[in-house]
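These protein sequence lines map, in sequence, to chains A and B. The first sequence finishes on residue 655 if you use the working numbering, and the numbering steps up by one all the way, no holes. The second sequence finishes on residue 306 if you use the working numbering, and the numbering steps up by one all the way, no holes.
No wet-lab data here; the hints were simulated from the structure. This structure is a prediction, so every number in the text was calculated from the model and none was measured. Note that the Cβ used here is the ideal one computed from N, Cα and C, for glycine as well. One thing to keep in mind: the hints can contain errors.
Claimed, not checked - Keeping only pairs whose Cα atoms sit at most 25 Å apart, straight-line, the calculated PhoX-like set for lysine-lysine is:
(1) K43(A) with K186(B)
(2) K293(A) with K269(A)
(3) K198(B) with K261(B)
(4) K43(A) with K198(B)
(5) K230(B) with K186(B)
(6) K230(B) with K277(B)
(7) K186(B) with K258(B)
(8) K277(B) with K258(B)
(9) K43(A) with K258(B)
(10) K277(B) with K186(B)
(11) K350(A) with K277(B)
(12) K223(A) with K346(A)
Stated by the list, open to error - Facing chain A, a subset of chain B residues (Cβ under 10 Å, in silico):
(13) A75
(14) L77
(15) F81
(16) E107
(17) D194
(18) K198
(19) D200
(20) R238
(21) T248
(22) S288
(23) V289
Unchecked claim - Incomplete in silico selection of chain A near chain B, CB under 7 Å:
(24) R31
(25) V35
(26) S37
(27) K350
(28) V352
(29) R355
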Amino acid sequence: MNFLSPATALIAAGITVPLLVAMYFLKLRRRQVVVSSTLLWRKAIQDLQVNAPFQRLRRNLLLLLQLLVLAGLIAALGRPMLRGQSRPGDRIIILLDHSASMNAEDVSPTRLDEAKELALALIDDLGEANDTATGAMVISFADRARVVAPFTTDLALLRRAVRAIPATDRRSSLEPALRVIESFVQGIADQDAGTTVVYVISDGRVRDAKTPTLSGADLRYLKVGRDPRNVAVVALSARRDFAQPHRAQVFARLANYTPGPVETTLTLKIDDRVSRVLPVTVPAVTGTGPGVKPLWFELDMPSSALLELGHDYSDDLRADDTAWLNVAPPRRLRVLLVTAGNVFLKQAIKAVGVRKLVTMTPAHYEHQHPDQFTRRVGMTGPDAGYDAIVFDAYAPVQPPPVNSLYFNASPPVEGLTLVPSSAGAAGSQLILDWQRDHALMRHAVLDQLIMLEPQRLVLPETAQVLATGQAGPVMAVVTDRGIYHVVVGFDLLKSNWPMLISFPVFINNTVGWLSLGGRSEAAVGYRPGQSVTVPSGLASGPLQYEGPVALGTVESIGQADGADLVTLPIFERVGLYRAQQDMSPPWDRLAVNLLDQDESDINPVEQIAVSASASSQGTHSSVTQIRRDLWPLCVVGALAFLMIEWVVYTRRMYL
Amino acid sequence: MAESDTTTQSRDDQLLSGEFMRRLDQLDVLSRKILAGKLHGERRSKKKGQSVEFADYRQYVAGDDLRFIDWNLYARLDRLFLRLFMEEEDLSVSIILDTTSSMDWGEPSKLVYGKHLAAALGYIGLVNYNRVHLYSFAAGADAQLTNLRGRRLVPRMLQFLRSQSPRGSDHLATVCRRFAMAQRQKGIVIIISDFLDKGDLADALRYLSGSRYDVYAVQVLAPGEIDPEKGNIIGDLRLLDCEDDDATEVSVTAALVKRYKANLASYCRHVRDQCLKRGIAYMATDTSVGFDTVVLRYLRERGLLG
Numbered sequence: 001m002n003f004l005s006p007a008t009a010l011i012a013a014g015i016t017v018p019l020l021v022a023m024y025f026l027k028l029r030r031r032q033v034v035v036s037s038t039l040l041w042r043k044a045i046q047d048l049q050v051n052a053p054f055q056r057l058r059r060n061l062l063l064l065l066q067l068l069v070l071a072g073l074i075a076a077l078g079r080p081m082l083r084g085q086s087r088p089g090d091r092i093i094i095l096l097d098h099s100a101s102m103n104a105e106d107v108s109p110t111r112l113d114e115a116k117e118l119a120l121a122l123i124d125d126l127g128e129a130n131d132t133a134t135g136a137m138v139i140s141f142a143d144r145a146r147v148v149a150p151f152t153t154d155l156a157l158l159r160r161a162v163r164a165i166p167a168t169d170r171r172s173s174l175e176p177a178l179r180v181i182e183s184f185v186q187g188i189a190d191q192d193a194g195t196t197v198v199y200v201i202s203d204g205r206v207r208d209a210k211t212p213t214l215s216g217a218d219l220r221y222l223k224v225g226r227d228p229r230n231v232a233v234v235a236l237s238a239r240r241d242f243a244q245p246h247r248a249q250v251f252a253r254l255a256n257y258t259p260g261p262v263e264t265t266l267t268l269k270i271d272d273r274v275s276r277v278l279p280v281t282v283p284a285v286t287g288t289g290p291g292v293k294p295l296w297f298e299l300d301m302p303s304s305a306l307l308e309l310g311h312d313y314s315d316d317l318r319a320d321d322t323a324w325l326n327v328a329p330p331r332r333l334r335v336l337l338v339t340a341g342n343v344f345l346k347q348a349i350k351a352v353g354v355r356k357l358v359t360m361t362p363a364h365y366e367h368q369h370p371d372q373f374t375r376r377v378g379m380t381g382p383d384a385g386y387d388a389i390v391f392d393a394y395a396p397v398q399p400p401p402v403n404s405l406y407f408n409a410s411p412p413v414e415g416l417t418l419v420p421s422s423a424g425a426a427g428s429q430l431i432l433d434w435q436r437d438h439a440l441m442r443h444a445v446l447d448q449l450i451m452l453e454p455q456r457l458v459l460p461e462t463a464q465v466l467a468t469g470q471a472g473p474v475m476a477v478v479t480d481r482g483i484y485h486v487v488v489g490f491d492l493l494k495s496n497w498p499m500l501i502s503f504p505v506f507i508n509n510t511v512g513w514l515s516l517g518g519r520s521e522a523a524v525g526y527r528p529g530q531s532v533t534v535p536s537g538l539a540s541g542p543l544q545y546e547g548p549v550a551l552g553t554v555e556s557i558g559q560a561d562g563a564d565l566v567t568l569p570i571f572e573r574v575g576l577y578r579a580q581q582d583m584s585p586p587w588d589r590l591a592v593n594l595l596d597q598d599e600s601d602i603n604p605v606e607q608i609a610v611s612a613s614a615s616s617q618g619t620h621s622s623v624t625q626i627r628r629d630l631w632p633l634c635v636v637g638a639l640a641f642l643m644i645e646w647v648v649y650t651r652r653m654y655l
Numbered sequence: 001m002a003e004s005d006t007t008t009q010s011r012d013d014q015l016l017s018g019e020f021m022r023r024l025d026q027l028d029v030l031s032r033k034i035l036a037g038k039l040h041g042e043r044r045s046k047k048k049g050q051s052v053e054f055a056d057y058r059q060y061v062a063g064d065d066l067r068f069i070d071w072n073l074y075a076r077l078d079r080l081f082l083r084l085f086m087e088e089e090d091l092s093v094s095i096i097l098d099t100t101s102s103m104d105w106g107e108p109s110k111l112v113y114g115k116h117l118a119a120a121l122g123y124i125g126l127v128n129y130n131r132v133h134l135y136s137f138a139a140g141a142d143a144q145l146t147n148l149r150g151r152r153l154v155p156r157m158l159q160f161l162r163s164q165s166p167r168g169s170d171h172l173a174t175v176c177r178r179f180a181m182a183q184r185q186k187g188i189v190i191i192i193s194d195f196l197d198k199g200d201l202a203d204a205l206r207y208l209s210g211s212r213y214d215v216y217a218v219q220v221l222a223p224g225e226i227d228p229e230k231g232n233i234i235g236d237l238r239l240l241d242c243e244d245d246d247a248t249e250v251s252v253t254a255a256l257v258k259r260y261k262a263n264l265a266s267y268c269r270h271v272r273d274q275c276l277k278r279g280i281a282y283m284a285t286d287t288s289v290g291f292d293t294v295v296l297r298y299l300r301e302r303g304l305l306g
């Protein structure tokens, strides 16, 4: 046990102990009583002193107790702490999880707060080591890692950084954090400059696709969390009926992570009015996963509407108790196909069920004014423009103002190019991997797709790769100024894709997704960590969204070049954000939901699987106890001694 | 607790009630020894004298009073015999009352209690035509009322007792020596005191031993002296001796009280042993016991009254 503030304790001891002793030896003000004779009293005192060997000690028992009380208080001033595991010379990297599951309230007040306490205790340990070579780095991680305090020995800076780590509702992934520290750890190991101890303070609910690796550091996992209860809305979606667009089908799924079945009441609201209230029983968690209760509603929604679905079961994570969905108004799709002639593509687009399909040659397309492509829903006149444009083997001169799909071509977007396959590459290639969980690739199986001389995509940083071939990315989504461009890097007619079922499925997914402005469904819902670009045409002044009180306020930032679009900050917390200016649906209300079956599973895990390379030593994951403040115990001890002293004082005449 | 003079005065106004005096009329002071008196009295003397109680015969010698010749015997035996009768003398009863300041302690104070005892014993002595002597001693201010005899002097005796107030201190040895010098006559001596004397008790009692006195020692204590908690003597105190102003600082704890009680018992045993060693009858009482009980029961049990 060491003291963080020994000087304070010594000063206090130097003042108070002599004062107490001096006061003790001051003459006690005694009550004077006249007695008939002091003869027997004197004799009794002498006898007692002679016959009681511990009489001196007994007389000083009160003083001893008072000194013990004082010692407890002085020790508390000195901030005693239990000796921890870190050694002088250790470098410490603290990885602090601030994902959605860390907002669970199974520990008071939240897991994140307890994690911060643990991190602060580690930093205090560092100060105790009193070694200038010892320093620490603090990194917060969820689905992304951020260095909140670079490597420093400034303990105040470290403490401030830890306290400032915000709560988020993002997914949790350890891999990005380990990548951030990898080079640093390796550098230390190479220089043989001491040991690096990496503390992962988390509930262990990380969802890395593969086991992360770390070399050259001693990894220690500090578990946060106890036995939580959670029932979550893990899925909420809505689709409009093709035949009856005014009707919408709402799909939802509840997941129960508690050992027993849970009875709760589900409330469905439409535009803040209660539409359905139904009691549901969600089955208990099983060995294979949480207990799931699927739900289905069919609602009549002729215009845009805000759906809110929530349950009233009191659990430890509130972020997933309610989900919102902004259902867009029904619309008939208008698609423009720019091609020199591709019957497969035309038939596939027709199969989607678009209201109007216009086919143009590339030359005809270039003679059109760009404004003619912009979709306008005719309130006063006929519909105009297009919901999506499909370019077949043609790259437009200017980026179209409408969401588009490109086959064997790419829009003139900065950072995006198509690179022909190298001479040595195989003529026919297969798809090696594709993003099965992306909305565009839903139900699209590409393992039988064969491409002849595909081109490789060179993508900007913001692009999302959909499929990767042997030479590199061949399908991707690029966002430019709020416009989505889906690029396919091979010629349809030089592949067997039109013959595969996955082709019309992909066309269906893509046209629908592009028509809805980057959404796969008729409803709009965002996830924490996402950023959204909204048109600010009607808004005067800076665009501002206000969320629930607990979630703070979203402020507008920047403006896209020349376009009346603004990009909002990344959503960090779930909830419903309402525009403070006049905005047209669906941008007036932005729903941000967790809807993550993995993140809603908040049961803490005992160990995190982290593999170490062969050269590393001591890299392991384990549960480690760390130092803790002992001053509350000292204060409690002092109070206990005070009580004993009081009892002895009041009862000493009768003991 | 010391008692004010006013309280003392009010308490000893009624030293003897009428009812109590009627009960005392049936008692007399008894001596374990037959002691010679000065005057004819109601107590049988060793000497033969003039009373109605026949004692013996003896031969007539010239000069004897012809009135005591038994003429009936002369008629039968033709010899002169003189009839002898028992001589009755009075008994000297000396009551020594301790009036030092230590006696003015307790509720009721030991002095008041002692005055009651002295009044009762003096009354018994007076109504039985004994010669009653009252002595009080304190700090060189001795007072005495001697040679009282007969019922008519009861008020004077009570007045003397009422006038005694606590004052100063004196060693018991000095008191006993002064008494022995003043009272040369044989008789019963009753000393009423708390015997809480810092001097040598054996030295004091030495003056009262011997065949001249038949001594009774009555030790009077207050309940607060026997159990300090009853006297509110507990806690951090500065004890002040009411006689010599000797101050003692004590923290009165349960252990100390226990030790005090043991010392008190030991001291009382010491007083009793010293008394018995010198043929002095010893009796201890405390002021919580009614003085009528002491007089009518305890003193009778010990043979002082009968």
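Honestly, which of those hints from before does the structure not fit?
The structure conflicts with hints 1, 5, 6, 7, 8, 11, 12, 13, 14, 15, 16, 19, 22, 23, 27, 28 and 29, although it agrees with all the remaining ones.
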